[in-house]
Amino acid sequence: MDAATAAPAPPHALILPYPAQGHVIPFMKLAHRFLDRGFHVTFVNTEFTHDRVMMTATDADAGATNWTGPSSAAGGARLRLVAVADGIEDARGHEDLILLNAAMPEAIPPQLEALLDGTGEGLGKVTCVVVDVAMSFALDVVKRRGITSAALWPACAAVLSAMVNAKKLIRDGVIDDDGAPLNLVNNSFHLTESKVPMDATFLAWNYMGNRDAERLVFHYLDTIAQTAVTKADYLLCNTFADIEPAIFTDSTPTIIPIGPLRTWPRQTRHAPIGHFWHTDDVACMSFLNAQPIGSVVYVAFGSISIMTAEQVQELALGLQASARPFLWVVRPEQAGKLPTGFMNDVDGPGKGKVVGWAPQEQVLGHSSVGCFVTHCGWNSTLEGIRNGIPMLCWPYFLDQVTNQTYICDIWKVGLRVASAEGGVLVTKSRIMELLDGLMEDEGVKGRVLKLKEKTESNMSEEGASLKNLNMLMESFKSKTF
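Residue numbering for the sequence shown follows full-length UniProt numbering, beginning at 1 and increasing consecutively.
The set of hints was computed from the structure by calculation and includes no laboratory data. Don't be surprised by glycine CBs; every beta carbon is placed ideally from N, CA and C. Wrong hints could be hidden among the right ones.
[As the list claims (entries may be wrong)] Cβ pair distances, simulated, as ranges:
1) Asp281 with Asp345: 19 to 29 Å
2) Asp345 with Lys467: 46 to 56 Å
3) Ser475 with Thr427: 52 to 62 Å
4) Ala290 with Leu449: 16 to 26 Å
5) Asn186 with Ala85: 43 to 53 Å
6) Thr254 with Asn344: 48 to 58 Å
7) Ile304 with Glu442: 25 to 35 Å
8) Ile410 with Glu442: 11 to 21 Å
9) Lys412 with Asp90: 23 to 33 Å
10) Ile293 with Asp96: 37 to 47 Å
11) Ile293 with Ala91: 44 to 54 Å
12) Ala213 with Ala85: 19 to 29 Å
13) Asp90 with Ser478: 42 to 52 Å
[To be verified] Heads up, simulated DSSO-like pairs for lysine-lysine below, C-alpha to C-alpha not over 30 Å straight-line:
14) Lys231 with Lys167
15) Lys452 with Lys467
16) Lys195 with Lys337
17) Lys452 with Lys412
Construct all of the structure, not just a fragment, from the sequences and the given hints.
Structural data, given as structure tokens:
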């Protein structure tokens, strides 16, 4: 076939997530949606994150033909996983978010040049780009090439809306120049006169427990949000309008909901998922298969856990005394905080199971799970409602507190473990009381099942979010939306 009759090259998307577990996974889900629509995808992680993702890939992943490593696109592969340096030389600094946020804007853009131009090994010239809002510094190098781009926020639209409207909130006297609340009425504020009041927890940067840290986070979020709004062609969010209707009524600037990304099934088997740690699939599923329907308490606090040893022990004793079977994800750095002999005491039929990491989507989709004790990360929140599971909320900071407000006060599908301020020891007896109250509340169960139906509707071929995503991909092919 000569050049005149050769088929046109397929569209090629470069996808750049922030180097954190809760960002990489939904971006990988987005990558697979692009693959399903015929795109080639170059997925860019920092070297530190890339190594972790590759180490957790299974043998089946490594033998698949639909993806490849960082140095080759042979064998007809359409997904290329690429590593770039994050600019941090100290091996201990790759998980220090302050260092990362300072180093990446200088280090990463020059490394994207060759990838965008398709020089060297790869999948050819990039035709469209999706960056994390937190990586919006990369948009300058994209715009210089005239490449169509989108910025995706992988958390709730409420926080994104507050971020992009921060300067208006300052002008209106709602917050000061450093993001601290000034004039809240009934602990709420208005983004615009036409919008319903928004809870103070939607100003997520104010929930760090340290004013200096909150000031730093506010200015960081304001910077990345303004960069994304001014330099990306589209502003996307991993959510759907049914669960955040107030945000999508007269949204300024326009936020396009394309979620929930993480819960869409993949068409390609053995594809990379993006986990940083190996999941104990067999142990988890074997345990769940042996439990009665709706009986299991699933406990998982995400990739960052800051629970004290005293609190870990109270939680352990509360789970044990509840007489309910439980599956608890305890990271290795937290395992030493468990009560002496706890692992041996609970191991057995109808008791409990402790694992280092779990295949959460599979766990929450299992019929034996009846309750989710969660840190309220946005991915976990979406997975909870997607599977119709009531949630016991135990947030640490930032938008986790916002998500708790959604779960407990707006959607009413869960209960709080403690106040937003935290700092109070939650006792064994209180944990037992909360588990009993949540798992026996038929109203909560009914409401979360209705949310499950709305989630499934948005994920369907006629769903609003999937239509938005399909229109976006078509626009990337034709540069019209």
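### Query
Failing hints, ascending?
Violated hints (numbers, rising): 9, 16; every other hint is consistent with the structure.
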